[in-house]
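Participant: In case you want the letters, here they are:
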Amino acid sequence: MPLKVMQPYAASAPKADWFVRTRVQPLPYLLLLPSLALIFLIELYPFINGVSFSVHKGSLLGTGPFVGLDNYLRLFNSADFYNSLWFSFVFAFCNVAISYLIGLALALFLNLDFPGRGICRVALLVPWIVPAVVSIVSWKWLIADRGGLVNIFLNSVGIGPIYFLSDSGWAMVAVIVIKIWRSFPFMMLSLLAALQVIDRTLYEAGKIDGANGRQLFWYITLPHLKNISIIQAILMTIWSINDFETPYLLTQGGPSNATENLILLSYRFTFGRNDVGRGSAVAILTLVVLMILSTIIMRQQRKAV
Amino acid sequence: MKQYRKWLLLGVGLVIVLLVDFPIITVALNSFRTTETIISSHSILPTQPTLANYLYINTRTRFWTFLINSGIVAACSTLLGIVLASLAGFAMSRYRARILASYNQALLIVQMFPLILAIIPLFIFFRKLDMVNNFVPVMLVYTLTQLPFATWMLRSYFDSIPRELDEAATMDGCSPLRIFLQIILPLTVPGIAAVAIFSFLFSYNEFFISSVFLRDEDRMTMPVGIQSFMQQYSTDWGSLMAAATLAMVPTLILFLFIQKYMISGATAGAVKG
Numbered sequence: 039m040p041l042k043v044m045q046p047y048a049a050s051a052p053k054a055d056w057f058v059r060t061r062v063q064p065l066p067y068l069l070l071l072p073s074l075a076l077i078f079l080i081e082l083y084p085f086i087n088g089v090s091f092s093v094h095k096g097s098l099l100g101t102g103p104f105v106g107l108d109n110y111l112r113l114f115n116s117a118d119f120y121n122s123l124w125f126s127f128v129f130a131f132c133n134v135a136i137s138y139l140i141g142l143a144l145a146l147f148l149n150l151d152f153p154g155r156g157i158c159r160v161a162l163l164v165p166w167i168v169p170a171v172v173s174i175v176s177w178k179w180l181i182a183d184r185g186g187l188v189n190i191f192l193n194s195v196g197i198g199p200i201y202f203l204s205d206s207g208w209a210m211v212a213v214i215v216i217k218i219w220r221s222f223p224f225m226m227l228s229l230l231a232a233l234q235v236i237d238r239t240l241y242e243a244g245k246i247d248g249a250n251g252r253q254l255f256w257y258i259t260l261p262h263l264k265n266i267s268i269i270q271a272i273l274m275t276i277w278s279i280n281d282f283e284t285p286y287l288l289t290q291g292g293p294s295n296a297t298e299n300l301i302l303l304s305y306r307f308t309f310g311r312n313d314v315g316r317g318s319a320v321a322i323l324t325l326v327v328l329m330i331l332s333t334i335i336m337r338q339q340r341k342a343v
Numbered sequence: 472m473k474q475y476r477k478w479l480l481l482g483v484g485l486v487i488v489l490l491v492d493f494p495i496i497t498v499a500l501n502s503f504r505t506t507e508t509i510i511s512s513h514s515i516l517p518t519q520p521t522l523a524n525y526l527y528i529n530t531r532t533r534f535w536t537f538l539i540n541s542g543i544v545a546a547c548s549t550l551l552g553i554v555l556a557s558l559a560g561f562a563m564s565r566y567r568a569r570i571l572a573s574y575n576q577a578l579l580i581v582q583m584f585p586l587i588l589a590i591i592p593l594f595i596f597f598r599k600l601d602m603v604n605n606f607v608p609v610m611l612v613y614t615l616t617q618l619p620f621a622t623w624m625l626r627s628y629f630d631s632i633p634r635e636l637d638e639a640a641t642m643d644g645c646s647p648l649r650i651f652l653q654i655i656l657p658l659t660v661p662g663i664a665a666v667a668i669f670s671f672l673f674s675y676n677e678f679f680i681s682s683v684f685l686r687d688e689d690r691m692t693m694p695v696g697i698q699s700f701m702q703q704y705s706t707d708w709g710s711l712m713a714a715a716t717l718a719m720v721p722t723l724i725l726f727l728f729i730q731k732y733m734i735s736g737a738t739a740g741a742v743k744g
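Residue numbers (this note's numbering), protein chains in the order written: chain P, 39 to 343; chain U, 472 to 744.
One chain only, chain P, in its complex shape (with noise of 0.2 Å):
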């Protein structure tokens, strides 16, 4: 197909100008080159397989017979699936509805001007950038049953231990509120960034047209925000759904399947009970999810602004 695209400029290009020259070159093309290899090797082509493993039936060590659809009805008719979807859904939906806000706020705030504001902004970054398995390590200290800040704390106001881990509500709130820890400062980030090139001579020209700050805010940074926002809430649909890491680590989905999520149910049938048919067919459906949410989210903040 990219070979196609080249004939007309090759055609019907002059020898004359350079520039015209260089776009009958191979050379981007070649260049493209090692890159669309490891695409192909590493997402394409096992894709094409998972396709295939999803209907077929077949373990680690092979593939088994043909069955059709049969992987998919069985998912659709077991309470895992519809478990794992709804905790997906409440996960990616919290995270990105209080990331966003918790950013927001943040954002506009460290876009003030005060002292020390760029050790501020640095310092908010740290629990993106630290690794997950080091926060899960100090959060799971923090919320332990026995010797684990939080509990000390609720007893010493005299309220009783909170089992966060072996609590199924309790569980869902700890791994949401980590992730949420973990992912507002990209939030801020990009929010701060927008924020920052947003033109000063706005609000002066505002101010003297009488808005209030709240008018300010409403009129002028808001619709300036609309793009990034846009943007932010569809990646962060995107990477809460495909997050592994924070449910795995803290909970291993448990107690009793109450935090897991498409990717760690995906992740069970493939490596814990050896089905990598149903595992296959339970990541396809996380990428038509994934398909039909960014769907969604674009045409929902269209209409909106």
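Mixed in with the good hints, there may be bad ones.
Unchecked claim - No more than 27 Å apart at the CA atoms, straight line, and that leaves these computed lysine-lysine pairs for DSS-like:
no. : chain 1 : residue 1 : chain 2 : residue 2
1   : U       : K731      : P       : K264
2   : P       : K264      : P       : K341
3   : U       : K731      : P       : K95
4   : U       : K477      : U       : K731
5   : U       : K473      : P       : K245
6   : P       : K245      : U       : K731
7   : P       : K245      : P       : K264
Calculated from the structure, these hints are not laboratory results.
Keeping the supplied structure of chain P fixed, place chain U upon it in accordance with the hints.
Facilitator: Here is chain U on its own, set in the frame of chain P:
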């Protein structure tokens, strides 16, 4: 009055920083306390600091193996990623062809692709080649996951080099490849270094792919190694915190080098797509 408000804002800022970074600060503080004091004491500050946890990590665990493994995997995938991304970024910056627009779309898809979908077939594929517990598959997957953002960022750095330079060099008989290697690359070294550090950090921090492929203790990267500590000594908080503290030292150092590129990077990565 104005002055007073500025200092008030700084105070608020510091309180927020303390709250947000609290879990990270406690890791470092707890690494200097024994597990017994971590569990029993009600204060956060180490009253009798000790290096016992670090000595334990040093003598009784494979910590340094994990660190070296992580370094090898991250360095190789970063190097490969920079080569691939700078070639593609140069093409996207200097040429106009329909394939380049399609390639940009492909990068977008790479960025949103659920990795588990690729990991299952890749695991089976590399298992047949007897390459589980081998760094190569992990490095290749890391390179791929870094490709979109590295290409977009490098492209924006190349875009900032005026095209007049290319044209002048062409007049003097310089080939496009030499323009790239001898003019554009040397001029964008700081940008390339920033992208390289980003990529390195990403690979160094990554857990999922490593945990699928690297199961042998000799081959584990740092995050996988710490996770296996967590499973073996789930209540030995002192050693765990020491390992976690050591693990984040390289991350924080590298982060300080690139923090000023962060904001431009965030916009290049997100908006360009």
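Participant: Does each hint hold? Answer for all of them.
Facilitator: Here's how the hints hold up against the structure:
1. U:K731 / P:K264: Cα-Cα ~25 Å, so holds.
2. P:K264 / P:K341: holds, 12 Å
3. U:K731 / P:K95: Violated, because 51 Å separates the two Cα atoms, which is more than 27 Å.
4. U:K477 / U:K731: holds, 23 Å
5. U:K473 / P:K245: Since the Cα atoms of K473 of chain U and K245 of chain P sit roughly 19 Å apart, the hinted pair holds (cutoff 27 Å).
6. P:K245 / U:K731: Status violated; Cα separation ~32 Å.
7. P:K245 / P:K264: holds, 22 Å
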